[in-house]
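For chain V, the structure is supplied; the task is to place chain A on it using the hints.
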Amino acid sequence: GAVVSQHPSRVICKSGTSVKIECRSLDFQATTMFWYRQFPKQSLMLMATSNEGSKATYEQGVEKDKFLINHASLTLSTLTVTSAHPEDSSFYICSARDRRRRGDLYNEQFFGPGTRLTVL
Amino acid sequence: AQRVTQPEKLLSVFKGAPVELKCNYSYSGSPELFWYVQYSRQRLQLLLRHISRESIKGFTADLNKGETSFHLKKPFAQEEDSAMYYCALSPWGFQKLVFGTGTRLLVSP
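Protein chains in written order, with this note's numbering: chain V, 1 to 120; chain A, 1 to 109.
If you are wondering where the hints come from, they were derived from the structure by calculation, not from laboratory data. Bear in mind that the values here come from a model prediction, so they are computed numbers and not experimental data. Where is the CB? At the ideal position from N, CA and C, for every residue including glycine. Please note that a few of the clues may not be correct.
What the hints assert, rightly or not - These stretches of chain V come out as covered by chain A in the derived footprint (C-beta under 8 Å, 3 or more residues):
| # | stretch |
| --- | --- |
| 1 | 61 to 73 |
| 2 | 112 to 119 |
To be verified - Now the stretches of chain A that chain V is said to cover, found in silico as 3 or more residues with beta-carbon under 8 Å:
| # | stretch |
| --- | --- |
| 3 | 45 to 59 |
| 4 | 77 to 87 |
This is chain A alone, in the form it adopts within the complex:
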């Protein structure tokens, strides 16, 4: 079975501080991993995916297969980054997404 774990329910940092949102997964095959973000009163939207190896809004995430992790990082947090962040896994060959429980990021001025 597939499982995504986000150990922190809430992460509170000050503006300009580095941010790391943790995500660990459990899956025997080769998954596709995503980070989705939900800003206040908005719908869920894709932030980034491990396949693309891109940086979006200053965020990056590297898939570490040895540690089965896909942590989301940003060197300098901004107030507008405050949102709910969900890590999600798509099992190879399937279209569905398995979501973690989410981490609320709160960036204070």
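Chain V extracted, bound-state conformation:
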């Protein structure tokens, strides 16, 4: 249980185009999903926290107009990279928290496999 999927797994696009990445919780409902970015050989950097039915909370330094996040249902969050540029090329990872979990398990996040974005 507690599986998170991402689609696509890999995408290549031209500079100036927009790319949408989907994050789905397959067997649980997630009121909260998280979007991370990982540069080669570096750690995961939290970009934003996505709450179902409300606006996402972006970390300092992350452009909200550049990285649009939508969490329209309890099982789906999307990240749209608008007007992508080569410097946006990175590995994007989402995670989700199971709304049923309480107590010690409350904070556990389940991670997706990631999406590699290459902007030419």
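Frame of chain V; chain A shown alone:
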């Protein structure tokens, strides 16, 4: 601000040797601390958390508030332990995770 430091990028040991992956954190409140592991070509997954005080796959980690550390230990490393290990902190009252830079553990036969 919260910060997690993993000083070693790579830790290479022989099978059967003890392993200690270091993690230090900086946070003024009471954090929740985790170790996540990423095996080759797999997604990140939770290994253990300080609240649970459990041993998973022979690994243990004790939160030392005085030294602000949460080192991961295993007395006898196995080849299948080879992976990338990330220490992470969740500030009290927040759901987000702050990750360290990770340590690659390589266990040789």
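Going through the hints against the structure:
1. 61 to 73: This one is violated; 0 residues, fewer than the three required, reach chain A with a Cβ under 8 Å.
2. 112 to 119: This one holds; 3 residues, not fewer than the three required, reach chain A with a Cβ under 8 Å.
3. 45 to 59: Per the Cβ count (5), the hint holds.
4. 77 to 87: violated (count 1)
Of the numbered hints listed earlier, those contradicted by the structure are 1, 4.
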